[in-house]
Amino acid sequence: NAGVTQTPKFQVLKTGQSMTLQCAQDMNHNSMYWYRQDPGMGLRLIYYSASEGTTDKGEVPNGYNVSRLNKREFSLRLESAAPSQTSVYFCASTTGEGYGYTFGSGTRLTVV
Amino acid sequence: QKEVEQDPGPLSVPEGAIVSLNCTYSNSAFQYFMWYRQYSRKGPELLMYTYSSGNKEDGRFTAQVDKSSKYISLFIRDSQPSDSATYLCAMSGGSQAGTALIFGKGTTLSVSS
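Order-wise, the sequence lines are chains S and G.
Here my numbering is used: the first residue of the first sequence is 5, the next is one more, and so on.
Here my numbering is used: the first residue of the second sequence is 9, the next is one more, and so on.
Keep in mind the hints are simulated off the structure, nothing from the lab.
What you are looking at is a predicted structure, and each value in this text was computed from that prediction instead of being measured.
Note that the Cβ used here is the ideal one computed from N, Cα and C, for glycine as well.
Possibly wrong hints are sitting among the right ones.
[Stated by the list, open to error] With a straight-line Cα cutoff of 27 Å, these simulated DSSO-like cross-link-like pairs (lysine-lysine) come out:
1. G:K64 with G:K78
2. G:K75 with G:K10
3. S:K61 with G:K50
4. S:K13 with G:K50
5. S:K18 with G:K10
6. S:K61 with G:K10
7. G:K50 with S:K75
8. S:K75 with S:K18
9. S:K13 with S:K75
10. G:K78 with G:K10
11. G:K50 with G:K10
12. S:K61 with S:K18
13. S:K75 with S:K61
14. G:K10 with G:K64
15. G:K75 with G:K64
[What the hints assert, rightly or not] Covered stretches of chain G, as calculated for chain S (at least 3 residues, CB under 8 Å):
16. 53-59
17. 109-118
Full structure from sequences and hints, please.
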């Protein structure tokens, strides 16, 4: 099915470990986003890529890095995980401003 | 003040009720307004989209935007148990984060049969 695919779906990390969350879309969308969702905090933008070859910080970028590998793929890396990064991470993509986002099913990350 | 404010609820209604969900915002440059529905442990899905001011209707759902008051609403008529979900308002246009949508915190709705 067309859409946004995120891997892994679940992950438990120890404090200080690193990992990369993968996101791929097959809708030929230009823009891709990483959000985190925490109880009572809503969806907060971590990083985004308006087009292939560009990335920019969002509201909560500290502790994260991203790579727009190609038009399809946008990865999020945690270099040294902290308990404060325990969250549900969503990747999303869109054709451009004013168009709705398609979200992936999320990655549930726990840092212990 | 956060750019988008949304009452988190929870909101509980009986089946068949009319539901009103609301958001206020502070950035007058916003021009694209959306509502997303998120079922438990799922990703958000686009429910309604409105450009600038006005109303839009789709079946049992009506979205309203009042830019003069910086206020948007989602109405659900004849609510069903399957409408039980978290509803997120979102908007963009003029944001420093390019095309990125700014989301409200979401309102959790429960419809009982």
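Practice task
Take a quick look at whether K50 (chain G) and K10 (chain G) sit within 27 Å of each other, Cα to Cα.
Solution key: At roughly 25 Å apart (the allowed maximum being 27 Å), K10 (chain G) and K50 (chain G) satisfy the hint.
Exercise for the section: Starting from K75 (chain S), check that the Cα of K61 (chain S) is at most 27 Å away, please. Expected result: holds (18 Å)
Exercise for the section: Decide if the proposed pair is consistent with the structure: K18 (chain S) and K10 (chain G), CA atoms, cutoff 27 Å inclusive. Expected result: Between K18 (chain S) and K10 (chain G) the Cα gap is close to 32 Å, so the pair fails against 27 Å, i.e. violated.
Problem - Given pair status - K64 (chain G), K10 (chain G), alpha carbons within 27 Å - result: Holds, because 26 Å separates the two Cα atoms, which is no more than 27 Å.
Exercise for the section: Quickly compare the C-alpha distance for K61 (chain S) and K10 (chain G) to 27 Å and report which way the hint goes. Expected result: OK: K61 (chain S) and K10 (chain G) at ~18 Å, within 27 Å.
Problem - Residues of the segment 109-118 of chain G with Cβ under 8 Å from chain S, three needed, outcome - result: holds (count 6)
Practice task
Sort out whether K18 (chain S) lies within 27 Å of K61 (chain S), counting only the CA atoms.
Solution key: holds (25 Å)
Handout entry: Given pair status - K64 (chain G), K75 (chain G), alpha carbons within 27 Å
Key = holds (14 Å)
Problem - Pairwise hint evaluation, K75 (chain S) against K13 (chain S), where the allowed Cα distance is 27 Å at most - result: OK: K13 (chain S) and K75 (chain S) at ~22 Å, within 27 Å.
Handout entry: Pairwise hint evaluation, K50 (chain G) against K13 (chain S), where the allowed Cα distance is 27 Å at most
Key = holds (11 Å)
Exercise for the section: Would you check the hint for K61 (chain S) and K50 (chain G), treating anything up to 27 Å between C-alpha atoms as holding? Expected result: holds (25 Å)
Practice task
Mind checking the alpha carbons of K75 (chain S) and K18 (chain S) for me, to see if they're no more than 27 Å apart?
Solution key: violated (32 Å)
The structure fails to meet hints 5, 8 from the earlier list, while all remaining hints are met.
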